[in-house]
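Each residue of the sequence shown is one higher than the one before, starting from 9 at the first, in the working numbering.
Some hints could be false.
[As the list claims (entries may be wrong)] Here are the in silico distance ranges between beta carbons for each label pair: (1) Arg-754 with Arg-530: 48 to 58 Å; (2) Asp-604 with Glu-904: 35 to 45 Å; (3) Glu-374 with Asp-604: 36 to 46 Å; (4) Thr-203 with Pro-342: 27 to 37 Å; (5) Gly-797 with Ala-835: 16 to 26 Å.
Hints are computed from structural coordinates only; laboratory data are not their basis.
Each residue gets a CB set at the ideal place from its N, CA and C atoms; glycine is no exception.
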Amino acid sequence: MTGWTPSPHVWDRTRSAAAVEDPPSRVRARERTMMAAVLDGLGTSGPVLVTLSGRSGLGQSALVRWAADRARASGHRVLRARAALSESELPYGVVTQLLEPLDVPSVTPPGPTRREPFPGLAGLLRAARACPTVLAVEDAHWLDRESRHWLQALLRRCAGTPLAVVCGGDDAAAADTGWSGELGSAPGPTAHHLTLAPLPPDEVAAEVARVCGRADDAFTAEAGRISGGHPAVLHDLLQRFAALGHRPAAAQVPVLRAAGSAVLGDHLMSAVRALGAEAGEVVRVLAVCGDLLDFPLVRTLARAGSLNERRLRAALARTTGIRALPDGRLTVDPVLRVRVLEEMTTDDRTDLHVRAAELAHRAGAEDRAVADLLLAARQAGAPWAIHTLRRDADHAVREGEHDRAAALLARAAEEEQDPAERARLGLEVAAVHLVTEPEAGDLRIERLIRTPQTPAAVRLHAADLGLTGGGADVVRRSLADALTTADGAERDDLLALFWAADPTGQAIGAPSVPAVPPLPQRPATPAQAAVRAWQLALYGESLDEVGSLARAALADDRRPDGPLIQPALAACGALCLTDALDDAESGLNRLLGALDGSRLRLAAPQILALRGELNTRRGRHAQAERDLEAAEQGAGALARSDALLPHLYGIRIIVDVESGHEDAARERAATPLPPAAEDSEHWPRLLFARGVIALRAGNPVEARDQFRECGRRLLSRHHLNSALVPWRSLTALTCHTLGESVEARRLSEQELALARRWGAGSTLAWAQLTAVLVAGREDRLNGVRSAMGAVRSAPTGPEYARVLAEYTALEMTESGGDRRMAARSLAELCALTAAHPAAPMAVRARALARAATGTVAVPGWDALSEAEQQSALLAGRGRSNRDIAALLEISSRAVELRLARVYRKLRINGRQELRELVRAMEGH
């Protein structure tokens, strides 16, 4: 007999579920009225069958319980049962529950015999004839086969008996919709089949008004949406909201949603408990990874092999809070997942996550999904977990999800057993933190540098990364301590990085640190060579040695973990000041290509800023503008980039000026920057650019003051090389304009002496030109010829163009000047400036051309756009469409369209006439 005795907790589950499912008395009034009539007349009428079907949660069980309570109040005998998924395969499970309360000797326990194929049925009929009886069955969709047949037999044999069978259930939860049809097929009893639907809007509104008071339409609609029209959910939702004391208005919809999450969670957990322990474990697996795994795998992970898969899936798909996805998988609503997992112990929860992660990994799930599981799991103790976490961290960095990347890498470090690999993971975490949480990154960097057990390569890259991320003070203090215990090549590179943080030892506001030895005159490592080259370049000494050290540093740094960023930048910066721009550009491009992930995000703005400066020195303003714009965007994504902004703004202002975009340059110069930017080593560059703007605006006093402050800041850091910015030359020219001749000559002579000591062609040429312009000497022509000779070895940038313009002017106007050379240099100047017709040097070139031979005004020229003027000038000087497209970095088709508009606006027939107009306009 014990083999088929039902669980004693089945009815307990029914009552606990009722606590959250019973709807208020005013809901389902039509159905209650009908059932009341049936039950009240049971004593005088024949047998009756009532089935209540519909989607799960619409109140079927509540109505069955209501019917049972009313029948008992009317003096009828009530026999109750609740079918369950866990007992749906147990023969006569529901019959046993129904017959258990009967104390009639003639009723035998379930168990078919030849004499009684339907055990207990005859005894029940006798008992019903003696007293009107109501059988109340909840969740009839889980009826076991034997109990269903037993009820059909009962209905066939109950003619004339005051018996009512009231069954409620889901019409699809068991993937078998035949329960109500099979029961209704029995001949004899009067049958009432009621299909419940979600509450209509008017009933929802009535219930809202009854519980909460008069509400507006938005609140009522949201209550209906959250509850899905389920009476019990709606009732509990409104009761919970009303208990908070809020008015039912649209402004309180967020409060209603919060209450809805709690209520839906309660109903889901009630349904889970009703389904049984194994089904509950399946729901917990669904809460962890239901949308990630096919249902058979979910069932395997939940170890629910004893449950019928088809029935289980159908039941869960109809449970409040669980959704069936288009691909057939099931998932728990995101807002309810936490509620499901709350009831698990921490150990059980982390164990489930790691088992789910492993199964998902084997099933080929995406890294992100598996990593999400690992983040909430205990240690997996397997290499696949580390690889998955690292791959997803790389993806998160590329997508800008730095917080997620840091969490993934930290979790990977927990899995890693090798101390060296764990240290590398710690470095990656620090790199991610430096992007968005620099203080947290500084702490990790400091820990890695100060820990003697940190592998040498990791310690070096940690210091380099800290400097790149703007944590120079932290890195210098940490390196000063680390140098006391380090030795060999590691110590040499650590020393190089210490001096990379402040090459001249004169940083503003730098914290005091223990005495650290200087870099050796003969560098021992590529990193030392790079930083030493930058030191000498800042001092403006030993041009050849600087070039040799910088090239050797870039050529010899072949670290397996990638290059050190700051030494590479130092080497490229030094080469830039020597006018070796090709070598510098090559080094910057290699550095960009060698970096990835967070290291690239941190370093890219600095690399692009230097490449923008390099392109500016070359006169490639379009490329410089692109580099600087990309650098600004990259810097904007960093939490700590204030120190770089003066560099970016300063160069960009000069580029705008040299391109003829004066308004943009003035606007940028007036843009306020954060206070921290003023302490940056790059602040003098912005002061210099602001001085240029003031000078072009006709404010020489302001320009002089800006140039002097620029110089004061540079000198305070012992940055003596005028190749950085020619502040002395511009101050001298400004003083000369203001009539301060003595000061102008003093500064010009200083600049010339320093330029000769340094020896770079562009620097020397600019200093010589300044000396010519402020000295007022009779040998001006020889002076500018000397400057032109020096600049011939320099890049064809702004300095080259200015020297060329002055050289052309003096050759044209001075006695002894060479008019033939003037014509050649003027043609060269026009070619150099053609890409930017509004630029100062382009304007100067046209003025020189007019002065040379006179010009012809071209009707319609002013109606051309700047882009059209660019293309027209280049085409008029004999350039092909392909050449123009390459120079302006546009397509050949764009050049054709521009020239077509030029021909139309100037009313000419083609290229030949355009050449004649341009030659006439330029005085050729």
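Taking the hints in turn, this is what the structure says about them:
1. Arg-754 with Arg-530: 48 to 58 Å: About 37 Å separates the Cβ atoms of Arg-754 and Arg-530, which means 48 to 58 Å is violated.
2. Asp-604 with Glu-904: 35 to 45 Å: For Asp-604 and Glu-904 the Cβ distance comes to about 40 Å; the hint holds.
3. Glu-374 with Asp-604: 36 to 46 Å: Given a distance of about 21 Å, which is not inside 36 to 46 Å, the answer is violated.
4. Thr-203 with Pro-342: 27 to 37 Å: With Cβ atoms ~31 Å apart, the hint holds.
5. Gly-797 with Ala-835: 16 to 26 Å: For Gly-797 and Ala-835 the Cβ distance comes to about 19 Å; the hint holds.
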